[in-house]
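**Student:** On the provided structure of chain A, position chain B as indicated by the hints.
Chains A and B, in that order, give the protein sequences.
Going by numbering that gives the first Met the number 0, the first sequence opens with residue 0, and the numbers climb by one from there.
Going by numbering that gives the first Met the number 0, the second sequence opens with residue 0, and the numbers climb by one from there.
Check the hints yourself; a few may be wrong.
Here are some of the chain B residues that sit facing chain A, going by a computed Cβ distance under 10 Å [said to hold, decoys possible]:
(1) Leu-5
(2) Leu-7
(3) Ser-19
(4) Arg-23
(5) Ala-26
(6) Gly-27
Honestly, the hints are just simulated from the structure, not real lab data.
Backbone N, C-alpha and C fix where the C-beta goes; we use that ideal spot for every residue, glycine too.
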Amino acid sequence: MILALSGTGVSDGVALGRLHKLSHRELDLPEYHVEDEEIERQVRRLEAASAACESALAAMEAGLPDEARGAAAEMLQVHRLMLRDDTLIGESVRRVRTDGINAEWALDRQAASMRSALERSEDAYLALRSEDLDQIVQLLQRELAQSGAAALAERIPAGLEGTVVLARSLSPAEVAILHQRRVAGVITEHGGTWSHSAILARAYGIPTVMAVKRALRVLREGEWVILDSHYGAVLATEDDGLHGHYGEKVRQLARRSARQARALAVPDRTLDGERFRLFGNAEHAPELTRCVEHGAVGIGLMRTEFLFTETLLPDEETQYQALRTAQAALDGRPLTVRTLDAGGDKLPEALARFDGPNPALGLRGIRLSLALPELFDVQLRAILRASAHGPVRILLPMLTRLDELERARERIAECAEALREEGVSVDPDVQIGGMIETPAAAWMAERFAARLDFLSIGTNDLVQYVLAVDRQDERVSHLFDPSCRAVIELIGRVVRGAAVHQRPVQVCGEMAGDPRMVPVLFGLGVREFSMPPGQLAAVKSRLIRLDAARARREVADDLAVSDSDSVAALCRQLDPGSD
Amino acid sequence: MTRRSLQLVNRLGLHARAASRLVRTAAGFESAVWLERDGRRVNAKSIMGVLMLAAPLGSELTLECDGPDAEEAAEAIEALVRDRFGEDQ
Numbered sequence: 000m001i002l003a004l005s006g007t008g009v010s011d012g013v014a015l016g017r018l019h020k021l022s023h024r025e026l027d028l029p030e031y032h033v034e035d036e037e038i039e040r041q042v043r044r045l046e047a048a049s050a051a052c053e054s055a056l057a058a059m060e061a062g063l064p065d066e067a068r069g070a071a072a073e074m075l076q077v078h079r080l081m082l083r084d085d086t087l088i089g090e091s092v093r094r095v096r097t098d099g100i101n102a103e104w105a106l107d108r109q110a111a112s113m114r115s116a117l118e119r120s121e122d123a124y125l126a127l128r129s130e131d132l133d134q135i136v137q138l139l140q141r142e143l144a145q146s147g148a149a150a151l152a153e154r155i156p157a158g159l160e161g162t163v164v165l166a167r168s169l170s171p172a173e174v175a176i177l178h179q180r181r182v183a184g185v186i187t188e189h190g191g192t193w194s195h196s197a198i199l200a201r202a203y204g205i206p207t208v209m210a211v212k213r214a215l216r217v218l219r220e221g222e223w224v225i226l227d228s229h230y231g232a233v234l235a236t237e238d239d240g241l242h243g244h245y246g247e248k249v250r251q252l253a254r255r256s257a258r259q260a261r262a263l264a265v266p267d268r269t270l271d272g273e274r275f276r277l278f279g280n281a282e283h284a285p286e287l288t289r290c291v292e293h294g295a296v297g298i299g300l301m302r303t304e305f306l307f308t309e310t311l312l313p314d315e316e317t318q319y320q321a322l323r324t325a326q327a328a329l330d331g332r333p334l335t336v337r338t339l340d341a342g343g344d345k346l347p348e349a350l351a352r353f354d355g356p357n358p359a360l361g362l363r364g365i366r367l368s369l370a371l372p373e374l375f376d377v378q379l380r381a382i383l384r385a386s387a388h389g390p391v392r393i394l395l396p397m398l399t400r401l402d403e404l405e406r407a408r409e410r411i412a413e414c415a416e417a418l419r420e421e422g423v424s425v426d427p428d429v430q431i432g433g434m435i436e437t438p439a440a441a442w443m444a445e446r447f448a449a450r451l452d453f454l455s456i457g458t459n460d461l462v463q464y465v466l467a468v469d470r471q472d473e474r475v476s477h478l479f480d481p482s483c484r485a486v487i488e489l490i491g492r493v494v495r496g497a498a499v500h501q502r503p504v505q506v507c508g509e510m511a512g513d514p515r516m517v518p519v520l521f522g523l524g525v526r527e528f529s530m531p532p533g534q535l536a537a538v539k540s541r542l543i544r545l546d547a548a549r550a551r552r553e554v555a556d557d558l559a560v561s562d563s564d565s566v567a568a569l570c571r572q573l574d575p576g577s578d
Numbered sequence: 000m001t002r003r004s005l006q007l008v009n010r011l012g013l014h015a016r017a018a019s020r021l022v023r024t025a026a027g028f029e030s031a032v033w034l035e036r037d038g039r040r041v042n043a044k045s046i047m048g049v050l051m052l053a054a055p056l057g058s059e060l061t062l063e064c065d066g067p068d069a070e071e072a073a074e075a076i077e078a079l080v081r082d083r084f085g086e087d088q
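For reference, chain A alone in the conformation it holds in the complex (with noise of 0.2 Å):
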């Protein structure tokens, strides 16, 4: 017999094992009036939880193992903070003093009052904090309950190693011991990609599985569970087929995250030590997380048509506020958002009005932005207050003519300078880049970059209009090749254009997260390479082995004497093998 639960999969990973379930005493919070001396008595209550709560996060932080020291360190560190925090404990006991009431009461009702105002804000990266003020109170709940045992470790004991844990919410103290104790997955009730026990739970490695419904009442004690979190799924099941069957993938998967964590350890430079930088590309939350846990110091290419897909145009706020959500994953980390590239396959519904015979060919990406200043003011100002909370760079597309970019620079300027005078902070820096992603701007290179801050080569657009093939039309996709040698050639030539002017040059189509086609990017100069966070690990991997100046060596020669259509013998010749 098999139970199947499922929740969302926050930290990917399988694991099989024995089912522990974590004590969850629902703390009757004791709530009754207090006179006088019984006032004093209280406060120092308060006083010594707080006390005590913050050396049992010190002594933890003090023990953390290296590999987790960066992430779980600051992430104790705010939480020491806040157990220390005058706005909590200090206004907490000014509570019990003005209405004569015992510490747990007082501190309920003010972490209460702390909640809504945060949750209040429009802020989304504050709002999220109120799930950390609310583990703090939690953790002071515990030690007020037991006076002086250490309400920490209290719930998690030893002997723990090789079971899946399951509680209905974890702590990321929780988290760090947890994985001292070596468990071999992480099931809770509540939590979610957000949670900063899912950020810690993926620095650790730990498969897990958070908002599984019910389960501390469907699954039992010491019974077998398999984890899977790549599909959120728990099962319950003593089938020996099944036992085996994962057993095998856990040891696949340790085997290839070791691998992946050798290669992620290791510094951004090839085998005869010159630098490349890894973007990655993503729009949402998880996946941007993603990127930043597989080594990419940026993101090079966030996506805004999925703000556009329903039948409203976003406005600022809304806008803004998806930006903001995606600065928080990124932790000050360049944030590269391409404006509305809509048009050709993408025309949100709201625009459907410009839909024209040939899309590829029509009013898509800045044409269309340029055709509709009110739209595109509208995203410049949300990019642009948005670039006051962290580093943001705009990105163009579609450019083909030097005017459409000195327009839509004309643009941000009146943009910035209108939210200006408003009193709304921008980042005077903005970087300006363009997608080079037409003939025409790739040709025009050298020029455009004289006037770009960066350059981003988008290849599938590339592909598609340097080949004119239409990969969605099966009786010509076969022709759709990257590798072909006039794009390779063009790519060349952007690379040097961009060199003259000093302007950084990034790939970010398909092409940049293809292990086989990257020795050739660099050969031809590209060192920036913007892809989804699955490939990030990948191309380093291939990247960490290259030779730099022999694929330099050999892509001028090859490009120098070849003549065949394709450089994919050039592609076989600069593999460095599997490893």
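**Tutor:** Relative to the frame of chain A, chain B by itself:
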């Protein structure tokens, strides 16, 4: 009592890491330390308070220190803000 105007010049504004540095700096002084932005006044020794300012890049803040080491506290916090909280630019 010392009052100074500050402008946030770090790219990220007052988010968790910068806020946690600011709070730890302020906590090292005996004086009371307050920050004010857009009419909202918070205790600079409180991480929740500082976070709730939600101050982005370019924000104008008023710093107020009151106590025996008010000058030194103001100096230290001003230096921290000027140095962009040690953020990599």
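**Student:** Tell me if the interface restraint on Gly-27(B) is satisfied: Cβ within less than 10 Å of some Cβ in chain A.
**Tutor:** violated, 13 Å
**Student:** Hint Ser-19(B) vs chain A: min CB-CB distance below 10 Å?
**Tutor:** holds, 6 Å
**Student:** Quick check on the hint: Leu-7(B) CB to chain A CB, less than 10 Å?
**Tutor:** holds, 8 Å
**Student:** Going by Cβ atoms only, is Arg-23(B) closer than 10 Å to chain A?
**Tutor:** The hint holds - Arg-23(B) has a Cβ within 10 Å of chain A, the shortest such distance being about 7 Å.
**Student:** Given a cut of 10 Å on the nearest C-beta pair, is the interface hint for Leu-5(B) held or broken against chain A?
**Tutor:** The hint is violated - Leu-5(B) has no Cβ within 10 Å of chain A, the shortest such distance being about 13 Å.
**Student:** For the hint on Ala-26(B), just tell me whether its beta-carbon gets within less than 10 Å of chain A.
**Tutor:** holds, 8 Å
Checked against the numbered hints given earlier, this structure breaks hints 1, 6; the rest are met.
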